[in-house]
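Participant: Each chain, written out:
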Amino acid sequence: MTEARGRTATAAVSLSGARLSYGDRTLWDGLDLDVQPGEFVAVLGPNGSGKTSLMRVLLGQQKLSAGTVRVAGAAPGRGNRNIGYIPQQRALDPTVAVRGRDLVGLGYDGHRWGLGIGGIRERRRRVDAALDAVGATAYADRPVGLLSGGEQQRLRVAQALVGEPEVLLCDEPLLSLDLAHQRAVSTLIDARRRDAGSAVLFVTHEINPVLPLVDRVLYLVDGRFRIGPPEQVMTSETLSELYGTEIAVVRVRGQIHIVGAHSDLCEDGAHHTEQLLER
Amino acid sequence: MDKLFDVELTLKLLELPFVVTALVVAAVLGLLAGVLGPLIVSRNMAFSVHGTAELALTGGAAALLLGWDIGNGALAGAIVAALVLGLLSRRSSDYDSVIGVVLAFGLGLGVLMLWLYKGRSSNKFGLLTGQIVGQDFASVALLSGCAVVVLGLLAALYRPLLFASVDPEVAKARGIPVTGLAIVFAVMVGAATALGVRTVGSLLVLALMVTPAAAACRITASPLKATLLAVLFAEVSAVGGIILSLAPGTPVSAFVTAISFLIYLACWAISRTRRTSTTPA
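So the sequence lines, in the order shown, correspond to chains A and B. Per full-length UniProt numbering, residue 1 is the first one in the first sequence, and the count goes up by one each step. Per full-length UniProt numbering, residue 1 is the first one in the second sequence, and the count goes up by one each step.
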């Protein structure tokens, strides 16, 4: 027990004996996961396997049915400043009157009460630095609704990083981005965990764009799960066991392709939307 | 109408105490509408403001019938409406239909109560088109009190409210009580709307609560500049509308809406020319 405590004290994210069930349906049970500072963990799995629900648990929007969870040194709950969150790209309303720098500024102090006139200079400095770090300075003063999906997503990264989070929770942040922007955004996230030691939990249905960055994979299928380095989890044997059916994992030019599982493994945005509607 | 440019008459009327009171009321209302407006526009709440205004009319009609103060009745009606709309519509997809349903029923009730009222008919008409001239001290005090409370609340809640308005998903993930703020904001808008109902009338309250902010949001994306411009536009519309209406003796609302609409058209034209000139070829 003391050993376990010592281990979890340093972990940025720590789940132990975690179970999540809705009614008689159990999404996952007995989940033990410690994410260390600077570690990049990809969360994979088909629709309805509980990837997004895990994210909601870590954000404090969903209570565990059993077990314990700690994120950035505290129980998940309202407004832990040490957590950064990057959502999937969804077009912002063009009529909304905010500029890129306002969106990033909200990531810095949008959770605080009051007008915040006192800290305005420090705020500006931090926001400028975050915009510069993601290469968004050129369009920082344009209305966000008029920016491209890739530009908006860079701002999302800046918005999450401006608070200098210890834990970065990313929910399909690359979805609907083209390859160049996928690379740009994942490189920015990677740089943060390397330079500042932020732990990254990255929910995705497509591992290839982040494969070189991933330290460990949490693969969830129908209540079963497997945790380990990609070369151990992303194998024909392990995935066949998880899915309970014959799966072939093929590596082509450093990419992983999965043959035999049903279509939710393939890349397309539609099923994630279904998953969102489900909850 | 030929008295519109009778400057001498206008100046003379401006010296009357009740006109001065009306101008003070309009200025306070313009300030409230201006600071709330950009958030209303960001939250796509124009229809909800309209619904709240109609139900303020129902509250006012009920007060008229029962012999209570119309202003308090309108305020109560608008706040109840704001709470109902805020609580009922958790999902945005049925937001509009819920407002439509509640609005129609409330307006029906209001019509019934106005029919039952046997007093002066100008009191009835006043609820629809406003009665800014003839505000007494009590209504000025009510307006100012509400304005102070709303402005204080807004200053305290501004950053989380802006976050929840423009970026609800991330705001929620960051632990901001998005639903609670929506209800508080709806009540603030309800209070401001009810005060607007007394002056420009429930049918035209959109002219102050929405049009100036919509115009401002056309020409700037900075929340601070949008708020300052919205206040300026709302003040020009409200105060300017009263001054112009003095000499010809027309209803105030006609000028208030005309001015705010012209400002909107100008801002729309500016945004059009800007967008065509900055769009890369």
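Keep in mind the hints are simulated off the structure, nothing from the lab. Note that the structure is predicted; figures quoted are calculated from it, not measured. Please note that a few of the clues may not be correct.
Just a sample of chain B residues kept apart from chain A, beta carbon distances all over 12 angstroms, derived [said to hold, decoys possible]:
no.: 1; residue: ASN72
no.: 2; residue: VAL98
no.: 3; residue: SER165
Quick list of in silico lysine to any residue cross-link-like pairs, SDA-like style, CA-CA up to 20 angstroms [what the hints assert, rightly or not]:
no.: 4; chain 1: B; residue 1: LYS172; chain 2: A; residue 2: GLU164
no.: 5; chain 1: B; residue 1: LYS172; chain 2: A; residue 2: ILE120
no.: 6; chain 1: B; residue 1: LYS225; chain 2: A; residue 2: LYS63
no.: 7; chain 1: B; residue 1: LYS225; chain 2: A; residue 2: ILE120
no.: 8; chain 1: B; residue 1: LYS172; chain 2: A; residue 2: GLN62
no.: 9; chain 1: B; residue 1: LYS225; chain 2: B; residue 2: LEU157
no.: 10; chain 1: B; residue 1: LYS172; chain 2: A; residue 2: LEU64
no.: 11; chain 1: A; residue 1: LYS63; chain 2: B; residue 2: LYS172
no.: 12; chain 1: B; residue 1: LYS12; chain 2: B; residue 2: VAL239
no.: 13; chain 1: A; residue 1: LYS63; chain 2: B; residue 2: LYS12
no.: 14; chain 1: B; residue 1: LYS172; chain 2: A; residue 2: TRP113
no.: 15; chain 1: B; residue 1: LYS172; chain 2: A; residue 2: ARG81
no.: 16; chain 1: B; residue 1: LYS172; chain 2: A; residue 2: GLY60
no.: 17; chain 1: B; residue 1: LYS225; chain 2: A; residue 2: GLY60
no.: 18; chain 1: B; residue 1: LYS172; chain 2: A; residue 2: ARG112
no.: 19; chain 1: A; residue 1: LYS63; chain 2: B; residue 2: THR179
Idealized CB from N, CA, C, for every residue including glycine.
Participant: Against this structure, judge whether each hint is valid.
Facilitator: Here's how the hints hold up against the structure:
1. ASN72: 30 angstroms, holds
2. VAL98: The claim holds: VAL98/B sits with its nearest Cβ about 20 angstroms from chain A, beyond 12 angstroms.
3. SER165: 8 angstroms, violated
4. LYS172/B x GLU164/A: 19 angstroms, holds
5. LYS172/B x ILE120/A: Since the Cα atoms of LYS172/B and ILE120/A sit roughly 24 angstroms apart, the hinted pair is violated (cutoff 20 angstroms).
6. LYS225/B x LYS63/A: Given pair LYS225/B, LYS63/A is violated - Cα atoms ~41 angstroms apart, limit 20 angstroms.
7. LYS225/B x ILE120/A: At roughly 16 angstroms apart (the allowed maximum being 20 angstroms), ILE120/A and LYS225/B satisfy the hint.
8. LYS172/B x GLN62/A: 12 angstroms, holds
9. LYS225/B x LEU157/B: 18 angstroms, holds
10. LYS172/B x LEU64/A: 18 angstroms, holds
11. LYS63/A x LYS172/B: It holds: about 15 angstroms lies between the C-alpha atoms, which stays within 20 angstroms.
12. LYS12/B x VAL239/B: 16 angstroms, holds
13. LYS63/A x LYS12/B: Given that 20 angstroms is the threshold and the Cα spacing comes to 68 angstroms, the pair is violated.
14. LYS172/B x TRP113/A: 15 angstroms, holds
15. LYS172/B x ARG81/A: 13 angstroms, holds
16. LYS172/B x GLY60/A: Holds, at roughly 10 angstroms.
17. LYS225/B x GLY60/A: 35 angstroms, violated
18. LYS172/B x ARG112/A: Holds - the C-alpha atoms of ARG112/A and LYS172/B are around 13 angstroms apart, at most 20 angstroms.
19. LYS63/A x THR179/B: 18 angstroms, holds
Hint compliance for this structure: hints 3, 5, 6, 13 and 17 are broken, all remaining hints hold.
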